[in-house]
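Colleague: Chain by chain, the residues:
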Amino acid sequence: MSQTPGNDIAGWAERLRQGDRRALARAITCVENGEAPAAALLSALYPCGGHAHVIGVTGAPGTGKSTLVNALARAYRRRGLTVGILAVDPSSPFTGGAILGDRLRMRDLAGDAGVFVRSMATRGSTGGLSRMAADAVHLLDAAGYQRIFIETVGAGQDEVEVARLAHTIIVVEAPGLGDDIQAIKAGILETASILVVNKADREGAEQTIASLRMMLDLQHPEQATVSHHGTLMAIAAATPEAPGRWRPPLLAAVATEGRGADEIIDAIEAHRLYLTTTPEGAGLRARRAEIELGHALDEALRHLLAQRVAREEYVRLLEEVIDRRVDPRSAAEQLIRCLCSPGES
Amino acid sequence: MSEERRIRVLVAKPGLDGHDRGAKVVARALRDAGMEVIYTGLRQTPEMIAEAALQEDVDVVGLSILSGAHLALLPRITELLRKNGMADVLVIAGGIIPDEDVPALEAAGIARVFGPGTPTDEIAAYIRQQVAERRQA
Amino acid sequence: MFDEEQLKAIAEARRAWERDVLGPALARAGERRDEFTTVSGRPVERLYTPLDQAGASYLAKIGFPGSYPFTRGVHATMYRGQLWTMRMFAGFGTAEETNARYKYLLEHGETGLSVAFDFPTLYGYDTDDPEAEGEFGKCGVAVSSLADMEVLFDGIPVDRITTSMTINGPAAVIWAMYIVAAERRGIPMAQLGGTIQNDILKEYIAQKSWIFPPRPSMRLIVDTIEFASRNLPRWNPISISGYHIREAGATAAQELAYTLADGFTYVEACLERGLDVDRFAPRLSFFFNAHNDLFEEIAKYRAARRIWARAMRERYGAKNPRSWWLRFHTQTAGCTLTAQQPENNVVRVTLQALAAVLGGTQSLHTNSMDEALALPSEQAVRVALRTQQIIAEESGVTNSVDPLAGSYLIETLTDRLEADAEAIFGEIQALGGVIPAIERGYFQRAIAESAYRYQHEVDCGQRRVVGVNCYQMPGPITIPLLKVDAEGERRQRERLARLRRERDAHAVRQALAALRRAATTSENLMPYILDAVRAYATLGETCRVLRDVFGEYREPSLF
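Chains as they are written, first to last, in our numbering: chain H, 9 to 353; chain U, 7 to 143; chain C, -4 to 554.
Read the hints as simulated data drawn from the structure, not as lab findings.
None of these values were measured; they are calculated from a predicted model.
Check each hint, because a few of them may be wrong.
Here are the simulated distance ranges between beta carbons [to be verified]:
id	chain 1	residue 1	chain 2	residue 2	range
1	H	Ser100	C	Ala6	41 to 51 Å
2	H	Ala308	U	Ala93	34 to 44 Å
3	C	Pro125	H	Gly302	30 to 40 Å
4	C	Val544	H	Thr285	37 to 47 Å
5	H	Gly42	U	Asn90	19 to 29 Å
6	U	Ala143	H	Gly42	17 to 27 Å
7	U	Asn90	H	Thr285	52 to 62 Å
8	H	Pro101	C	Glu482	52 to 62 Å
9	C	Gly427	H	Pro101	28 to 38 Å
10	H	Glu300	U	Ala93	49 to 59 Å
11	H	Glu265	U	Glu85	34 to 44 Å
Looking from chain U toward chain H, a few residues come up when the C-beta cut is under 8 Å (computed) [as the list claims (entries may be wrong)]:
id	residue
12	Arg37
13	Ala39
14	Gly40
15	Glu42
16	Val43
17	Gly47
18	Glu53
19	Glu57
20	Leu60
21	Ala78
Not close to chain U: a few residues of chain C, all C-beta gaps over 10 Å, as computed [claimed, not checked]:
id	residue
22	Glu178
23	Ala264
24	Ala387
Here a beta-carbon is modelled for each residue, glycine too, at the ideal position from N, C-alpha and C.
I would like the entire structure built from these sequences, with the hints used as guidance.
Modeller: Written as structure tokens, this is what we have:
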């Protein structure tokens, strides 16, 4: 409906790279909706990317993720870096609509040309985070935003999705949300690059921090923790003779007051350095690219399948599976055979 | 399976007006009608609203205002949208806006002013119809 | 109230009635709906009888007016002794225009003043601040300085009439301006009577015209309560409000519970400061909504009095009976007014006002019929005032105190609202109190939920609103609307500019510096604010100092 740059993909891509925010916004819409120019745009822009550092922020609802992202973005801006934010919220499974309310917490960033905030609905993707988010990140990257936050829904499966997109993953906890620590319940502690206990001025913060520290000690017995100005910092084992894994620092924050933001930024940057200067880091980069290729392949195959196989055929096979006449694997193989020899069913 | 392209709506409260009951009810109703609603919250300047509309690439901007400052604020918003190349975004308004002020608002680019007591599904239907027309154009 | 034998007989008779009279009636023609509910969605039975009040003790639950637990009213004679104050909320444009409106209202028989401020003023901005752009005088009077306040009350006997000011974030500053304006006319502050709304908790919950975050805001409020308890014995330094909470979409039970919970929070904050409960509690006042459902509203006010009295006496240990009184002002529900067929609003307001009177309000504002469209015209506001006067003089409802007491319906509704409120208190407590609940979005979410449900009921015709989803009429609305003088803003800016030129800039700077320093300590800020006002520091300048020190509140997002 709004002016589509039409067939001039090269021009569109160039404008986006030059900082035209409308071009960027339109491009994100385009990839969200899987419109025709999307593939060409991404193809044109992917080589230009790879400069942004992507930070996933996950955690249960009520932990204050949006407010924290707001505070971190402001801290980055104070350091002169540009920031893109992708705020993901769940679509209603019944109506398909969504209320995207994260932007509301980021009013401090309004009017700052160095910040771009985009709200995105999950649109029913499996897992909380939409596939489109990956593409949106590439676009923000190509547009030159140096740090990109992805704020997820925090429903549990997101965290796995975020792992394939983000370089650094911040898991946010908050006291008083329940007896057990949410992150442990979700089992995502292992994916965390940084642990943040937000709302650290609330009652119960001490216990939350202590529990998390215990978990970390169990996972990283070779590294000790030290209490430093009230925040818990890891002693980095960056010495060549003991090139350990990255041990996630455990930090406290009061996001509504911006307290703790600078320390978290320092930790993000330290992690970034770790990724770019260590073999472990390179390994993670490679694995991440492989995962993304894998997902792209899955999607391409499904798309091909949808094109090559008639809907009725698919439904017929599905019914056989439901009735237990055919097992899922065999059904899948039949469908694949349709792929290889189109026209035969 | 192709999905009907989702309608993205920005619901905003311009100026100092703090009455958000209506805006929140409409936001929820639009969500229930299958739309994606970005709610900006209170105390939005025209600049903030236009910028949010740009970054979110919305199809619709819905402005809720009960403070009487509509003639001062709403035209500024449509002007900024035009400047940002978003002249064909559907802009609608609601709240406390006397009938006699509506022509001036329409001239400034507000497509429709919804009076108090408008059923929410009427608003949703209007948006759907208007957006469909604009997408075909 | 009835003995065992009587109750048994009634129960038996009831069964017979149901069998022999009701049954056939229902068989012949059913009822209009499957379920009858109050406006808040609570079920209402076909019939209430002594059986519904079987276990009730008249003395413990109902009692006598002017006597614990005050269910029947805070004064022994109520309207036989003195009618409620007819206090019409008014304000628009410049101080001169509003001053004229006040004189008009007083001439026509109102007995107390009530000030509506414009949005910039509510947020602590001067008319010439950039944030005020386009908002001058639109929904209230602009008061940016002591000079404006002096004009606003020019020729009005503030020593003999009480003034209520609807101001919250910058309440302390506006109050200081009122005090100093009176001072300048030789009226000592001890003689001043009135109210400042000054209830920040409900701002976070519903009205949303906050400035500072919760902690410094509570500090300021306790400062005002403390200052009033020492220096202004006739002043109510706070009007703990449910009106706006209801307007935002809450049910009657939510309005009741959230308001009282806020009240408890203020009491606790004052106790924490070390104030003696009997020194400040008598001057805590309340402000409720008068919504459509006549009986539910009456029950709500009675339940409010009973709950507050019990809490003040039992929980907070107040000994002075005045500390147990819940005195309240009422405003008829703005959110029920329709733009369609505005003359119907006169009828709505009448019924709502009646509920407030039958509920024992101390003071009442009745909305004007055109209020869904714009600020009220002179004619419309006069009709609204006359509504109160006709109820007072012609209807006979003031002849006897708490006339509906003993009604099986009313007493049962009162009990039920009390129980509903207690349940909500429990939920708030579980979250750690009002302020933690605000931070978690508890109130905001519940209110949005109720608002949405209500709208849904209207949209699908389940809840009928005359002129909106039934008995509609096409055609434009033709009510003469109030026009705010366009030149007013220019004159106001000129007055501000002149003020800044002519005042002693050094004195202003000094006063503001002293305020800034004091704000970082725990001193009572009222004396410093009064000094700043005396030096003609503007509202915006004073609030900016406080904004710098206290910070600004950011609303949490939630649906």
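Colleague: Using the Cβ atoms, figure out if Glu300 (chain H) sits within 49 to 59 Å of Ala93 (chain U).
Modeller: violated (37 Å)
Colleague: Any CB of chain H closer than 8 Å to the CB of Leu60 (chain U)?
Modeller: OK, holds: Leu60 (chain U) within 8 Å of chain H, min 6 Å.
Colleague: Ser100 (chain H) and Ala6 (chain C), beta-carbon distance inside 41 to 51 Å?
Modeller: holds (49 Å)
Colleague: Using Cβ atoms only, decide whether Val43 (chain U) comes closer than 8 Å to chain H, and label the hint accordingly.
Modeller: Constraint on Val43 (chain U) satisfied, holds at 5 Å.
Colleague: Quick one, is the Glu53 (chain U) hint okay against chain H at 8 Å, beta carbons?
Modeller: holds (6 Å)
Colleague: Grab the minimum C-beta distance from Arg37 (chain U) to chain H and call the hint holds if it beats 8 Å, violated otherwise.
Modeller: For Arg37 (chain U), the interface hint holds, since the closest Cβ of chain H sits about 4 Å away, which is under 8 Å.
Colleague: Can the hint on Ala39 (chain U) be confirmed by a CB-to-CB distance to chain H that is less than 8 Å?
Modeller: Interface hint status for Ala39 (chain U): holds (6 Å vs cutoff 8 Å).
Colleague: Taking 8 Å as the limit, does the beta-carbon of Glu42 (chain U) come near enough to a beta-carbon in chain H?
Modeller: Result: holds, 5 Å to nearest chain H Cβ.
Colleague: If I claimed the Cβ atoms of Ala143 (chain U) and Gly42 (chain H) lie 17 to 27 Å apart, would that claim hold in this structure?
Modeller: holds (22 Å)
Colleague: If you take the shortest Cβ to Cβ gap from Ala78 (chain U) to chain H, is it below 8 Å?
Modeller: violated (19 Å)
Colleague: Taking 34 to 44 Å as the stated bounds, is the beta-carbon spacing between Glu265 (chain H) and Glu85 (chain U) within them?
Modeller: For Glu85 (chain U) against Glu265 (chain H), whose Cβ atoms are near 37 Å apart, the range 34 to 44 Å holds.
Colleague: Against chain H, with CB atoms and a cut of 8 Å, does the hint on Gly40 (chain U) hold up?
Modeller: holds (5 Å)
Violated hints for the displayed structure, listed by number in ascending order: 3, 7, 10, 21.
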